[in-house]
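Trainee: Chain by chain, the residues run as shown.
Protein chains: 2
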Amino acid sequence: MPELRKDPIIGRWVIIATDRAKRPDQFMGQPDKPFEPQESCPFCEGRESKTPPEIYAYRPKHTPANTPGWDLRVVPSIAPFLRIEGDIDRRGKGVYDVTNGIGAHEIIIETNQHIANMADLSAEQIAKVVTAYIARVSDLERDERFKYVLVFKNYGWQAGAGRIGHSRSQLIATPVNPKRVKEELAGARAYYDYHERCIFCDLVKQEICAKERVVLDIDGFIAIVPFAPRFPFEVWIMPKEHSCDFTSLAPLQRLELGKILKKTLLKLKIGLNDPPYNYVIHTAPFRRPKAGYWKSIDQDYHWHIEITPRLTRVAGFEWGTGFYICPILPEDAAKFLREVEA
Amino acid sequence: MPELRKDPIIGRWVIIATDRAKRPDQFMGQPDKPFEPQESCPFCEGRESKTPPEIYAYRPKHTPANTPGWDLRVVPSIAPFLRIEGDIDRRGKGVYDVTNGIGAHEIIIETNQHIANMADLSAEQIAKVVTAYIARVSDLERDERFKYVLVFKNYGWQAGAGRIGHSRSQLIATPVNPKRVKEELAGARAYYDYHERCIFCDLVKQEICAKERVVLDIDGFIAIVPFAPRFPFEVWIMPKEHSCDFTSLAPLQRLELGKILKKTLLKLKIGLNDPPYNYVIHTAPFRRPKAGYWKSIDQDYHWHIEITPRLTRVAGFEWGTGFYICPILPEDAAKFLREVEA
Chain A
20 MPELRKDPII GRWVIIATDR AKRPDQFMGQ PDKPFEPQES CPFCEGRESK TPPEIYAYRP
80 KHTPANTPGW DLRVVPSIAP FLRIEGDIDR RGKGVYDVTN GIGAHEIIIE TNQHIANMAD
140 LSAEQIAKVV TAYIARVSDL ERDERFKYVL VFKNYGWQAG AGRIGHSRSQ LIATPVNPKR
200 VKEELAGARA YYDYHERCIF CDLVKQEICA KERVVLDIDG FIAIVPFAPR FPFEVWIMPK
260 EHSCDFTSLA PLQRLELGKI LKKTLLKLKI GLNDPPYNYV IHTAPFRRPK AGYWKSIDQD
320 YHWHIEITPR LTRVAGFEWG TGFYICPILP EDAAKFLREV EA
Chain B
20 MPELRKDPII GRWVIIATDR AKRPDQFMGQ PDKPFEPQES CPFCEGRESK TPPEIYAYRP
80 KHTPANTPGW DLRVVPSIAP FLRIEGDIDR RGKGVYDVTN GIGAHEIIIE TNQHIANMAD
140 LSAEQIAKVV TAYIARVSDL ERDERFKYVL VFKNYGWQAG AGRIGHSRSQ LIATPVNPKR
200 VKEELAGARA YYDYHERCIF CDLVKQEICA KERVVLDIDG FIAIVPFAPR FPFEVWIMPK
260 EHSCDFTSLA PLQRLELGKI LKKTLLKLKI GLNDPPYNYV IHTAPFRRPK AGYWKSIDQD
320 YHWHIEITPR LTRVAGFEWG TGFYICPILP EDAAKFLREV EA
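Sequence lines, in order, name chains A and B. If you want the numbering used here, it's the position in the first sequence, counting the first as 1, plus 19. If you want the numbering used here, it's the position in the second sequence, counting the first as 1, plus 19.
Think of the hints as simulated: they come from the structure by calculation, not from any bench. Heads up, a few of these hints could be off.
Identical copies look the same in the list; a pair holds intra-copy or inter-copy alike.
[What the hints assert, rightly or not] Listed next, the in silico DSBU-like pairs over lysine-lysine satisfying Cα-Cα at most 30 Å (straight line): (1) LYS112 / LYS201; (2) LYS166 / LYS112; (3) LYS259 / LYS230; (4) LYS224 / LYS198; (5) LYS198 / LYS69; (6) LYS278 / LYS288; (7) LYS354 / LYS112; (8) LYS166 / LYS198; (9) LYS166 / LYS41; (10) LYS166 / LYS25; (11) LYS52 / LYS288; (12) LYS41 / LYS69; (13) LYS112 / LYS259.
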């Protein structure tokens, strides 16, 4: 019998298609478009002139900006979806609402090596990436025009990336709060109003106790296959201790996050034949009531990373309903990933 | 300068990436996986034994069920995502909600000819498809276990269809109201509460007056590119007169709908090199307060069809925010489609 499961945070129903369930090995081997050769890569060391000037870099003090010697660089997108210059101008057009496309769009070049998959970086290098995320998000928070920054990664053509095989992630700052984040905040708030507890904290406790959906449990972090995933082998990484704000991570925690992120991505790579994937970091928005205020988001929201391998196609039913159909039992996906040696 | 536009019904923001905008002809020519040869098609006339027994058919009275002579057939899905037998059993699992996967999953075989794209059926044949939708949805409404039926179509492999080149659509009845439909209902209700008018009616009037996003205006229906589309060349078909319920369409209106649907799909096929696409029908849910009740959905909701060609990939930013990035100005997409001879 198939099962309908509800995501407890945003209330999305997912069909767990047990009758049509596939074995984990049936998800493998769909080849993605190949990467372009390294010769044309604009993100390698020595090609600094191929990108806009760097905004942030991890480099020895004696090396000037935009020259070799760096370990990590952040540059504006060469083709940004939003523009950094200008004032917000919200206006109506009859029944419609418009605002001009003010925002920031930056590329985090995660390594000076031509390595495609973040899974192949060291945990220490990934910790530097996390530090770069925090530095950039904190800097953008000072810009009063922005309400949110989404940090995300597209790996592989099927996941929406270009064909450059150099590990990188992106961030986009927006002058409005995204719908998906607002839904999570509203769901977490409703739960807190009723229970006076953070729903994510309850979920972490239940998962640690049940074990069946846990992929990794390392230091202060846990990686689980969610109870009602949208996609097969979707994995969420969450801090075990309550925290609404990704940027509050201490240096030691950044290294712990680097370890669990590397290991999770490596399990996906080894177990599923290097699939295309996306990840997003969901953290509390900037302009929130600070602690001490009545019902602060700090108490009811919990930052986390959602990793979604792209192994299936999304069709009319999903677009039309917001329902998803997951063709593998989440518990089986977790067991499979747990057992992959990485 | 890019523009942020808000969908007035569900509040989703869309980035209109004017700086990275493509010309309409740049969306063409991405080849989809080819269809399988006709020999293996289970939906052709004479192969009735290859499908489960028919639930509904358009056939002369003297022809027995599941034999040749039909013009259109509806059969249960051979691999249904939900099961028709059983009672709804809603239960909790700690913080999680589960229900067993009760529902219906049916295939509407739209023609006895081996024609792949609905665009190539006659308007009269499409009117029969509409009649079949109405008959099946009305029948399923009598089943008290179901709250909603989504009618949808996947055309082409990239749109989530299999590789059988025989025009068909699907319906799935669910025991819960889908999130996406609830969002539309809530958005339409909020607008009605404030204005005491249907938001879709206001939108239709504004579009007819502005003209720039109208693709087709035929009899009682209008086809427009929405103001804040998720996808390039997305088209919505709406009745000009207020109606919340798709199944209330009179026979003459079904033919009018057949005409505008055929012409819209043909414009997409000719103008964009036969792209994969999805469509969904959004209509009011079954168990609603009927007219005469306080604030009936009948007054504030408006059924419509959303057609989404699959020409772009959805990446981390979209999954993470619920934002979409539309790489063509909706007004340019509408102009392009208006000018395609079909």
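Trainee: Take the hints in turn and mark each one as holding or not.
Mentor: Here is what the structure says about each hint:
no. : hint            : result
1   : LYS112 / LYS201 : both (24 Å within a copy, 25 Å between copies)
2   : LYS166 / LYS112 : within (23 Å within a copy, 35 Å between copies)
3   : LYS259 / LYS230 : within (14 Å within a copy, 54 Å between copies)
4   : LYS224 / LYS198 : both (27 Å within a copy, 27 Å between copies)
5   : LYS198 / LYS69  : neither (35 Å within a copy, 44 Å between copies)
6   : LYS278 / LYS288 : within (15 Å within a copy, 49 Å between copies)
7   : LYS354 / LYS112 : between (52 Å within a copy, 19 Å between copies)
8   : LYS166 / LYS198 : both (12 Å within a copy, 25 Å between copies)
9   : LYS166 / LYS41  : between (41 Å within a copy, 28 Å between copies)
10  : LYS166 / LYS25  : both (29 Å within a copy, 16 Å between copies)
11  : LYS52 / LYS288  : both (16 Å within a copy, 25 Å between copies)
12  : LYS41 / LYS69   : between (44 Å within a copy, 23 Å between copies)
13  : LYS112 / LYS259 : between (46 Å within a copy, 20 Å between copies)
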